[in-house]
Amino acid sequence: DVKVTQSSRYLVKRTGEKVFLECVQDMDHENMFWYRQDPGLGLRLIYFSYDVKMKEKGDIPEGYSVSREKKERFSLILESASTNQTSMYLCASSSRREAGANVLTFGAGSRLTVL
Amino acid sequence: DAKTTQPPSMDCAEGRAANLPCNHSTISGNEYVYWYRQIHSQGPQYIIHGLKNNETNEMASLIITEDRKSSTLILPHATLRDTAVYYCIVSSYSNSGYALNFGKGTSLLVTP
Numbered sequence: 001d002v003k004v005t006q007s008s009r010y011l012v013k014r015t016g017e018k019v020f021l022e023c024v025q026d027m028d029h030e031n032m033f034w035y036r037q038d039p040g041l042g043l044r045l046i047y048f049s050y051d052v053k054m055k056e057k058g059d060i061p062e063g064y065s066v067s068r069e070k071k072e073r074f075s076l077i078l079e080s081a082s083t084n085q086t087s088m089y090l091c092a093s094s095s096r097r098e099a100g101a102n103v104l105t106f107g108a109g110s111r112l113t114v115l
Numbered sequence: 001d002a003k004t005t006q007p008p009s010m011d012c013a014e015g016r017a018a019n020l021p022c023n024h025s026t027i028s029g030n031e032y033v034y035w036y037r038q039i040h041s042q043g044p045q046y047i048i049h050g051l052k053n054n055e056t057n058e059m060a061s062l063i064i065t066e067d068r069k070s071s072t073l074i075l076p077h078a079t080l081r082d083t084a085v086y087y088c089i090v091s092s093y094s095n096s097g098y099a100l101n102f103g104k105g106t107s108l109l110v111t112p
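Residue numbers (our numbering), protein chains in the order written: chain A, 1 to 115; chain B, 1 to 112.
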């Protein structure tokens with residue numbers, strides 16, 4: 001019954017490495033999101049996409065990029081990982097139909113540690 | 001979007017009703033109230049939303065006051081698995097879903 005799948009549950013990377021976080025949803029949702037969650041700071045939106053090949057910056061896009069080549073897949077890329085990007089990363093999706101856009105389905109999260 | 005105020009933490013005995021309050025005194029006419037919860041080490045989970053009428057689904061009930069300035073999420077028979085952080089969010093519909101601000105929520109502890 002898993003609907004939003006994040007490729008890795010736990011990752012450990014070194015400073016300067018390029019990191020890919022993959023997210024796939026099987027609900028035919030138009031919108032997809034990447035958040036990060038840190039203690040005391042709550043969930044912060046990094047990027048979102050409302051269509052294939054479309055992307056919009058969220059509140060904290062610096063140091064990140066995204067790719068949406070297919071409707072079901074939204075990738076978060078850390079071009080050169082830094083220790084301050086150690087965090088829990090959460091992917092979510094939602095429908096653009098009238099009542100659905102704010103009903104987000106989240107993945108289980110990917111906990112990234114950058115050494 | 002209007003801001004919300006929630007107590008930082010609450011306790012509830014297993015089997016009793018858990019009533020989680022949320023204040024949103026600056027809510028505007030086109031803004032809905034959404035509730036999500038996040039169990040430790042998992043992604044947030046949508047629970048319920050409403051505009052002005054009370055709503056009920058298989059997970060919970062949402063009671064919105066007549067002036068819409070506050071609401072209460074009710075878990076009718078709390079279980080240990082309901083221990084989580086509960087987020088009350090006020091937002092207008094947008095087709096992007098960008099507007100959600102999760103805030104800090106209420107940490108609910110259900111005790112045996």
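Treat the hints as calculated values from the structure; they're not laboratory data.
Treat the hints with care, as some may be off.
The calculated SDA-like cross-link candidates involving lysine to any residue, where the alpha carbons are at most 25 Å apart (straight line), are [unchecked claim]:
1. A:Lys57 with B:Phe102
2. B:Lys104 with A:Val19
3. A:Lys57 with B:Thr72
4. A:Lys55 with A:Leu115
5. B:Lys104 with A:Val52
6. A:Lys3 with A:Val52
7. B:Lys3 with A:Val52
How the hints compare with the structure:
no.: 1; hint: A:Lys57 with B:Phe102; in the structure: 17 Å, holds
no.: 2; hint: B:Lys104 with A:Val19; in the structure: 28 Å, violated
no.: 3; hint: A:Lys57 with B:Thr72; in the structure: 33 Å, violated
no.: 4; hint: A:Lys55 with A:Leu115; in the structure: 29 Å, violated
no.: 5; hint: B:Lys104 with A:Val52; in the structure: 32 Å, violated
no.: 6; hint: A:Lys3 with A:Val52; in the structure: 18 Å, holds
no.: 7; hint: B:Lys3 with A:Val52; in the structure: 32 Å, violated
Violated hints, in rising order: 2, 3, 4, 5 and 7; the structure is consistent with all others.
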